[in-house]
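These protein sequences, in sequence, are chains U and B.
Residues 743 to 1046 (the working numbering) are what the first sequence spells out, left to right.
Residues 743 to 1046 (the working numbering) are what the second sequence spells out, left to right.
Some hints could be false.
Which copy? The list can't say, so a pair holds if one copy fits it or any two copies do.
[Claimed, not checked] In the DSS-like style, the derived pairs of lysine-lysine whose C-alpha atoms are separated by at most 27 angstroms in a straight line are:
| id | residue 1 | residue 2 |
| --- | --- | --- |
| 1 | Lys790 | Lys1002 |
| 2 | Lys1019 | Lys790 |
| 3 | Lys1002 | Lys987 |
| 4 | Lys745 | Lys790 |
| 5 | Lys1043 | Lys790 |
| 6 | Lys897 | Lys774 |
| 7 | Lys1002 | Lys836 |
| 8 | Lys745 | Lys836 |
| 9 | Lys922 | Lys790 |
| 10 | Lys988 | Lys836 |
| 11 | Lys897 | Lys1019 |
By construction, these hints were calculated from the structure, which means they are not laboratory data.
2 protein chains.
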Amino acid sequence: MEKFEINILGCGAALPTPRRLGSSQVVNIREKLFMLDCAEGTQMAFRKSRLSFSHLQAIFLTHLHGDHVFGLLGLLSTFGLLGRIQELHIYGPKDLQRVFQPQIDYFCTDAPYRIILHEIDTQTPHTIYEDRSVIVTTLPLTHRVPCCGYLFQEKPTPRHIRRDMIDYYHIPIAHINNIKAGMDWTQADGTIIPNDRLTTPPDPVRSYAYCTDTAYRPPLADLLQDVTCLYHEATFTHEHALLAKKTHHSTATQTAEIAKAAHAHQLILGHFSSRYKTEVPLLQEAQQVFPNTILAEDGMKIVL
Amino acid sequence: MEKFEINILGCGAALPTPRRLGSSQVVNIREKLFMLDCAEGTQMAFRKSRLSFSHLQAIFLTHLHGDHVFGLLGLLSTFGLLGRIQELHIYGPKDLQRVFQPQIDYFCTDAPYRIILHEIDTQTPHTIYEDRSVIVTTLPLTHRVPCCGYLFQEKPTPRHIRRDMIDYYHIPIAHINNIKAGMDWTQADGTIIPNDRLTTPPDPVRSYAYCTDTAYRPPLADLLQDVTCLYHEATFTHEHALLAKKTHHSTATQTAEIAKAAHAHQLILGHFSSRYKTEVPLLQEAQQVFPNTILAEDGMKIVL
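Full structure from sequences and hints, please.
Take a look at the structure:
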């Protein structure tokens, strides 16, 4: 299977601690890297993860709260010092340009690469990035400021060739791509060899959804049907449901309800309030609704 | 002796690494805290040091390069979330307001405390802060942008009372402050008891100078005469002297020359270029000129 990995650089909430940074992740799809949010300390955590800065294609910001963006300037500035020349696209909600362009102009004047800021509509799901292997779509969320999550969907890959059968039927190389695409093979005598004798099915298509920060938003599940892995904020336990409502965050139970309604394969809880000494109660709470749940942790890598 | 400690939160140069943050220190004078520069990651390092956020009086920024200021917004935002109400004064060169006020307005709108930005003249040494125990003066430096260092000078403390002698001469409590201030004591019969029989000398006055970033600037030594402890950047070894000149930084040798000319008691080297795998050559180079030199390290505490 091609590489599709999630690197969690930070998964804390508003107050970063020495143990937990604010929100930041790197999605690695076939060695192309995509960053999700960029909290203070992200560039150091990125280095620690041993991922390559130069493979970063784009940064997707969910919303303009400090614990999701305060590492951006440092990262951009470091890329400049390291001599990056490939342009970098940054996607985020309204105000992205007003807030960051003056800072980029001031602190990254000598940067040898172009930084392109894209303000996106956070309230209508739409595709904002696409290449040969992946499509990235926005996921409207409900927070105190404009906010959206992001869904990464792998594009279907071709069927796998059965080399033994290709040799057996003496199929020329020039036809292999057609066979991978699902076509049958017609021999010189007119005999048709059905494709499923020549190939095995393609790898299943995988997907990853990053949903933070958000109040409980049941319609979100419709956009996440069958998602391979769902990262969803679970700032509070059910005990603090009122506080969650007031601050537009989710409880672990609500998060698990979303995963269940979406028929997600796996749920990762993140964005934990720093009030909890341990996140085990959040995990237990979610597992009662959606058993295949794990807790995010800074430095964790998830292989899809 | 009253407390006078330097806490080095970060001492790296432009490229922060997991081992070394950019520039940031906290000076602790009798439990009043003063911050020097504020690189990305400062708030996490501050927490790790177990110093109290609420004792922070002021922040002094040397210049507006990212590796000295990218932690400011995160720190200010965290203070707001923690409910700080005491106003906070931030001192820095020209452009401080233009660059940071819009960001503060955007990200710290709900902060329950006032943040006051002071733009200072970096090219004339002058006092910018004074309280009962300390005077802070600017130290003009030579860098690619307006930049100054800061000199912390303890105010002289009173002489120490000799309790045994006070008891012996039956001196009333109301007169103790005069005696501490150096006055003699006249007994009922007119006999004069000289002050040095009643007291011992005050603690020596200590001082700390923070000088980064700067090219080699010999006149700086005149402002640092007899300084107790000098922190001075030593970005490069002598081997890279041309690069130091070009980028307006200092070599370890130049730094040691400043310490020697200033008759400093101790020198701390900092702001090491990330190109060096080890800083030992920088230390050895400086010690040839000024033996009482040490290398700064993230997390180090210096007791004056």
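(request) Evaluate Lys897 and Lys774 at a C-alpha cut-off of 27 angstroms and name the case that applies: within, between, both or neither. (result) within (14 angstroms within a copy, 58 angstroms between copies)
Review point. Under a CA distance limit of 27 angstroms, which applies to Lys922 and Lys790: within one copy, between copies, both, or neither?
Key: neither (39 angstroms within a copy, 56 angstroms between copies)
Between Lys897 and Lys1019, at a C-alpha cutoff of 27 angstroms, which is it: within one copy, between copies, both, or neither?
The answer is neither: 41 angstroms in one copy and 43 angstroms across copies each exceed 27 angstroms.
Could you place Lys790 and Lys1002 in one of the four classes (within, between, both, neither) given a Cα distance threshold of 27 angstroms?
For Lys790 and Lys1002, the Cα distance exceeds 27 angstroms both inside one copy (34 angstroms) and across copies (39 angstroms).
| request: First find the shortest C-alpha distance between Lys745 and Lys836 inside one copy, then the shortest across copies, and answer within, between, both or neither for a cut-off of 27 angstroms. | output: neither (33 angstroms within a copy, 48 angstroms between copies)
- prompt: When no copy is specified for Lys1019 and Lys790, does a C-alpha distance of 27 angstroms or less occur within a copy, between copies, both, or neither?
  reply: both (25 angstroms within a copy, 16 angstroms between copies)
At most 27 angstroms between alpha carbons: which applies to Lys1043 and Lys790, within, between, both or neither? Answer is both: 12 angstroms inside a copy and 25 angstroms across each meet the 27 angstroms cutoff.
For this session: Up to 27 angstroms between alpha-carbons, please classify Lys745 paired with Lys790: within, between, both or neither.
Result: within (20 angstroms within a copy, 36 angstroms between copies)
message: One pair to classify: Lys1002 and Lys987, alpha carbons no more than 27 angstroms apart. Within, between, both, or neither?
response: within (20 angstroms within a copy, 62 angstroms between copies)
Check Lys1002 against Lys836 for me: Cα-Cα at most 27 angstroms, and say if that holds within a copy, between copies, both or neither.
This pair counts as neither: shortest intra-copy Cα distance 31 angstroms, inter-copy 55 angstroms.
**Prompt:** Checking Lys988 and Lys836: alpha-carbon separation at most 27 angstroms within a copy, between copies, both or neither?
**Reply:** Intra 23 angstroms, inter 40 angstroms, cutoff 27 angstroms: intra-copy only.
Taken one by one, the earlier hints fail for this structure at numbers 1, 7, 8, 9, 11, listed in ascending order.
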